[in-house]
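*Asks:* Since the structure of chain A is provided, determine the placement of chain B with the ligands on it from the hints.
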Amino acid sequence: MSRNIRKILESNRSKRDRELIISDENIGSLTELPGICSFTHLTRLNLSHNRLDELDPNIFSLSNLEYLNVFNNNLEELPGELRDIPKLRELNAGLNRLVQLPRGFGSCPSLQVLDLTYNNLTNGSFPGNFKYLGGTLRALFLGDNELLSVPLEIGTFLKLEVLVLRDNNIRDVPVDIGRLPKLKELHLNGNQIHILPPDLGLLDFSNPEKSFFRVFDNPLIDPLREQCESMKNNTDLFVKYLKSPQYLEVYTLYTIGVKKGNFPPLLKRDRSGKKSRKTPKFKPVEFGPLAFGAGVGDITPGDM
Amino acid sequence: MSIITDTARCSLCKEMFQASEKLINSGGEVWHEKCFVCVQCFQPFPDGLFYESDGRKYCEHDFQMLFSPVCHKCNKFISGRVIRAIGHPWHPDCFRCVWCDQSLADVGFVKFQGQPLCKACNTLVKQSGKHLCQICFKPIEDEPLFHMNMVVHPHHFNCFKCKKPLETMSKLHCGELVCIRCYDKMEASICVACRRPIEGRIVHANAQTWHPEHFVCAYCEKPFEGQKHYEKKGLAYCEPHYNQLYGEICFYCNNHVIKDVVNVLCKSWCVGHFRCTACDVLLALKGNSKFIFYDNRPLCRKCYDRLPQEFRRRLKRMDELKK
Ligand SMILES: [Zn+2]
Ligand SMILES: [Zn+2]
Ligand SMILES: [Zn+2]
Ligand SMILES: [Zn+2]
Ligand SMILES: [Zn+2]
Ligand SMILES: [Zn+2]
Ligand SMILES: [Zn+2]
Ligand SMILES: [Zn+2]
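Sequence lines, in order, name chains A and B. Reading the first sequence from the start, the letters are residues 1 to 304 in UniProt numbering. Reading the second sequence from the start, the letters are residues 1 to 323 in UniProt numbering.
Chain A with its partners taken away, still in its complex shape (with noise of 0.2 Å):
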């Protein structure tokens, strides 16, 4: 243990700093942070860009912990423990070589913001109680992963501010994304998208500086893209496009009508540089036609 993390530790065990930032340090396990897990004062756990490659189950001990932030880490799993910390609000876990989230990790009490961002999750990698964070979540961000489509249940995430599918193989949006409540922001650009819902229409993107809405960096039927593309930044008047009766005809034709399927090409990516990747646990998911196959459902009309 360097004598800097040593006098850091001190220092926040004397003064019971809430607080604890141990960043960049080269940290290549907890074992290094000796007693870290007695900390029981800290609110914050800030243990970014590290070279931890697991965390220590005894982290559920940090029983008045709010904020764990494990950003740029190489960490392939989390600790199931993680849901016995009953006011853990945010956990951030972006940047790392995830390939699936523990067991029962859905019954994290109090988790509100939910950072997964480049990763390796899959479809399969979220465990069967994902939805019930559904309670707490205000925003989820799973940018840079490789889910095929988006995960299961999102309906009942109706907290939900932000959600974040940048950057995936996603094809098919879910029409319960446009039920969601609260949504303000929906990142879906650099995905395999064809084809919207118009169901997104009923999302309320009205105020400009509170809504965000992406889509671009995906293979659109044209008159979406053209729509896209001419509407710009104005997600309130693309959100209107997709409402309004002009687009429900475009929609049905390309669903159930003359253009059923006639889609554009999927959109080549090169996602071997994903640093994530670099673990022996993850088996990329091969992009061709088989894999869509098996991910994706054929696209039906949603409720209207």
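These are computed hints drawn from the structure, not numbers from a lab. Each residue gets a CB set at the ideal place from its N, CA and C atoms; glycine is no exception. Incorrect hints may have been included.
Covered by chain A, per the in silico footprint, the following chain B stretches (three or more residues, Cβ under 8 Å) [what the hints assert, rightly or not]: (1) 272 to 279; (2) 309 to 317.
Just a sample of chain B residues kept apart from chain A, beta carbon distances all over 10 Å, derived [to be verified]: (3) Leu-23; (4) Lys-34; (5) Gly-48; (6) Ser-128; (7) Asp-142; (8) Ile-202; (9) Asn-206; (10) Gln-227; (11) Arg-306.
*Replies:* Just chain B with the ligands now, with coordinates in the frame of chain A:
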């Protein structure tokens, strides 16, 4: 005396005189003392002075009452020279220019707004466009008061509130004239909610005044009763309703931002909660400490440089695609 008494008869009653009786002789006619009186009031003439009209004798008072002109200026009877002008009689000394007070009895005059002016003043008044007060007929130097269909000096009226003569500026308040000072005070103490004057405690807020019981949240209409209120667009709200309608919720603490708010990336933060997403360093909007963002989350420069090169390349490409 006795010879007359034997033959003469009273001019008024035509009766004979008694031998011892006092008789009054005037202008070749004689009267009983009791008959030599004013035909109007039947009283003897004071100092023997009487006035005749149509052969009938009057005391001075009744003669003037019945036949004398009354001066339009001083309201007294005019005996002697009468000036008749502008439809009224005047004492020569009372007929003066209403502006400069010069006597007009022997010089020409001009009728202006029903009042006499000397020629010089008439020219001046016409040039200045001033009004003549319809009460004192003096020109109105400052702002005239238009009241009861008259143009008058304000000082002829008293303030309804303080009873002092009105000054130049005055206002109508509920149909009553009040001076500008009292008006300001009254206006300041009118409850903007019920429009009635405030007698007791006054709540000042938003540059307006309220009865304490009428100073309420614009949303729930409950009185603040001394509790803190928040103002927006000229309306006052209680804290929960201000927050409900206009409050910014901090993305980090999920509470209403009480003081300064950081509004960027479609979200709001308490100033103390606007931190780098990765390393927690406090970010400032002002100054040189610029931040970079991805997924609408802020990153400090140092943390951005620590992102995988591959990711940073894509962020740049995303930026270009957005445009
Ligand atoms: Zn008389
Ligand atoms: Zn004059
Ligand atoms: Zn006057
Ligand atoms: Zn007054
Ligand atoms: Zn009132
Ligand atoms: Zn209220
Ligand atoms: Zn805050
Ligand atoms: Zn940082």
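*Asks:* Against chain A, does Leu-23/B hold up as non-interface, every C-beta pair farther apart than 10 Å?
*Replies:* holds (117 Å)
*Asks:* Grab the minimum beta-carbon distance between Asn-206/B and chain A and tell me whether it stays above 10 Å.
*Replies:* holds (25 Å)
*Asks:* Just checking, Asp-142/B versus chain A, shortest CB gap more than 10 Å?
*Replies:* The claim holds: Asp-142/B sits with its nearest Cβ about 54 Å from chain A, beyond 10 Å.
*Asks:* When I compare C-beta atoms, does the region 309 to 317 of chain B have three or more residues closer than 8 Å to chain A?
*Replies:* holds (count 3)
*Asks:* Just checking, Ile-202/B versus chain A, shortest CB gap more than 10 Å?
*Replies:* holds (38 Å)
*Asks:* Report holds if the minimum CB distance from Arg-306/B to chain A is greater than 10 Å, and violated otherwise.
*Replies:* violated (6 Å)
*Asks:* Verify this label for me: Lys-34/B is non-interface relative to chain A, using a Cβ-Cβ cutoff of 10 Å.
*Replies:* holds (109 Å)
*Asks:* Is it correct that the beta-carbon of Ser-128/B has no partner in chain A closer than or equal to 10 Å?
*Replies:* Nearest chain A Cβ is 60 Å from Ser-128/B, so the label holds.
*Asks:* Looking at Gln-227/B again, its CB stays over 10 Å from all of chain A?
*Replies:* The assertion about Gln-227/B holds, with a minimum of 28 Å to chain A.
*Asks:* Mind taking a look at whether chain A covers the region 272 to 279 of chain B? Criterion is 3 or more residues with CB to CB distance under 8 Å.
*Replies:* holds (count 3)
*Asks:* Holds or violated: is the Cβ of Gly-48/B farther than 10 Å from all Cβ atoms of chain A?
*Replies:* holds (106 Å)
In summary, the one numbered hint that this structure violates is 11.
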